[in-house]
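Participant: Residue strings, one per chain:
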Amino acid sequence: MRGSMEPKVLIFACDWCPGLGSDRAGQDRLSLPSGFRLVRLDCAAQVSGEWVIKAFSEGIDGVMVMGCHLDACRHQGANHRAHKKLETLRWLLDGLRIEPERLCLSWGMGREALPFQAEVQKFVSTLKLLKTGEKA
Amino acid sequence: MFHSMESAEERTRSLGRELLESGRITGLLSIIADREGTRPGFLRKPDEVDSLVLEPRYLLAPVCRTLQAMDPEATLGIVARGCDERALVELAKAGQVNLGRIVLIGLACEEEIARQCGCGRPYPRKIDVGQKIDGSKGNVSSGEGSGRPGQQLDWNAELARCLKCYGCRNACPLCICPECKIGLAMWVPTGVVPPDVFSFHLIRAFHLADKCIDCGNCQDACPAGIPLRELHRHLLKMLEERLGYVPGLEVDRQSPLFTDLKHGPFNGPKIPRWMNTLGENEL
Numbered sequence: 001m002r003g004s005m006e007p008k009v010l011i012f013a014c015d016w017c018p019g020l021g022s023d024r025a026g027q028d029r030l031s032l033p034s035g036f037r038l039v040r041l042d043c044a045a046q047v048s049g050e051w052v053i054k055a056f057s058e059g060i061d062g063v064m065v066m067g068c069h070l071d072a073c074r075h076q077g078a079n080h081r082a083h084k085k086l087e088t089l090r091w092l093l094d095g096l097r098i099e100p101e102r103l104c105l106s107w108g109m110g111r112e113a114l115p116f117q118a119e120v121q122k123f124v125s126t127l128k129l130l131k132t133g134e135k136a
Numbered sequence: 001m002f003h004s005m006e007s008a009e010e011r012t013r014s015l016g017r018e019l020l021e022s023g024r025i026t027g028l029l030s031i032i033a034d035r036e037g038t039r040p041g042f043l044r045k046p047d048e049v050d051s052l053v054l055e056p057r058y059l060l061a062p063v064c065r066t067l068q069a070m071d072p073e074a075t076l077g078i079v080a081r082g083c084d085e086r087a088l089v090e091l092a093k094a095g096q097v098n099l100g101r102i103v104l105i106g107l108a109c110e111e112e113i114a115r116q117c118g119c120g121r122p123y124p125r126k127i128d129v130g131q132k133i134d135g136s137k138g139n140v141s142s143g144e145g146s147g148r149p150g151q152q153l154d155w156n157a158e159l160a161r162c163l164k165c166y167g168c169r170n171a172c173p174l175c176i177c178p179e180c181k182i183g184l185a186m187w188v189p190t191g192v193v194p195p196d197v198f199s200f201h202l203i204r205a206f207h208l209a210d211k212c213i214d215c216g217n218c219q220d221a222c223p224a225g226i227p228l229r230e231l232h233r234h235l236l237k238m239l240e241e242r243l244g245y246v247p248g249l250e251v252d253r254q255s256p257l258f259t260d261l262k263h264g265p266f267n268g269p270k271i272p273r274w275m276n277t278l279g280e281n282e283l
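Sequences listed follow chains A and B, in order. Reminder that position 120 of the first sequence reads as 120 in this note's numbering, one-by-one numbering, no gaps. Reminder that position 206 of the second sequence reads as 206 in this note's numbering, one-by-one numbering, no gaps.
Calculated from the structure, these hints are not laboratory results. The reader is advised that the hints may include incorrect statements.
[As the list claims (entries may be wrong)] If you want a taste of the chain A side facing chain B, the calculated C-beta under 7 Å gives, among others:
1) 57
2) 80
3) 88
4) 92
[To be verified] Part of the chain B face toward chain A, derived, beta carbon under 8 Å:
5) 127
6) 203
7) 257
Note that the structure is a prediction, hence the values are computed from the model and not measured. For each residue, glycine too, the CB sits at the ideal point set by N, CA and C.
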């Protein structure tokens, strides 16, 4: 990752759906952006605001939080709460003139490699656009 | 009705005296003025009530919490302005005070105080003393109607003045965590002034997102004059617009950040159809 021009992306993925999807993407040798690191968690609701804030303060360009479909959480709708919580954080980032697009919430990468690849690629291209926008 | 300061004070004193004489309360918490100065005080006897004053405005809710922790069995009377009451409600939701052992004397703020505070709700739910006046709608230093806090503020410059004195945290009636994350080296790098904007200010603001009662104590305490209240009002705006929730008003309603999307309104950005398997009507 060091020295490359690819945006640095940190992905928090719930173990149940996107975790499996990411595994499958790797097994299928799908082409993925090189600048991302993925952390697998028991549930996306584990991601607290501080983690995201800390990641940004350490120089990460973008953070993705991936969880299950909205009605498919294994932990009594914890992803609903995660969604509300992180939307609040996005709103706060926007208030401080930090692009909220840098925090991406995605629910429902259910065991599928291709949607996982598409979502990560889309996010990375958004980040690249933000970067060029800053320079211009 | 009582319009002048004198009579509002007299009325509060007589209400306090009645409560103390009837034995309903162990003591009355209020601002007192005597030879030693003006300060928060705890009045135990009816004849001590004469030292009670109403000004200056000082948030008594944190004192109430401390007193209740010292003696959980006592029933406390408290002269509560709108902000006091809202702080107590939020503290009760966090399990920090027992509202069943608190008797409020509701005090609606005078127009001048309300204007100085830029308060949106300068009155408690039940008013015993004073008259209800409408709060100001706008923000403290304008930014009215804009989507962002203080549209004209340069946050990088504002936050660069921070001295990391923790005054905002210490003054906040709702910063109650025994171990504060912005004091831990793991979350906020130590030995750096001004502190890292991301970790220090964002973590603090985010932690209070669904609790802030807009009392303005953080901003008043800031020696660098950072308009912290704008930041909190920005978050409160989101809570009200998107989730229909105002902290400190309803004792029984949990913060919407702890409930499912199906409970209560959610007017956030649309969740794409393919992620949302709840059915069309439910979000």
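Participant: Evaluate each hint against the coordinates.
Facilitator: So, going through the hints one by one against the coordinates:
1. 57: At about 4 Å, which falls below the 7 Å cut-off, the nearest Cβ of chain B leaves the hint on residue 57 of chain A intact, so it holds.
2. 80: 4 Å, holds
3. 88: Holds, about 5 Å.
4. 92: It holds, given that the least Cβ distance between residue 92 of chain A and chain B is near 6 Å, below 7 Å.
5. 127: Violated: closest Cβ of chain A sits about 32 Å from residue 127 of chain B, beyond 8 Å.
6. 203: 5 Å, holds
7. 257: At 5 Å from the nearest chain A Cβ, residue 257 of chain B passes the 8 Å test, so the hint holds.
When the structure is compared with the earlier hints, a violation turns up for hint 5 alone.
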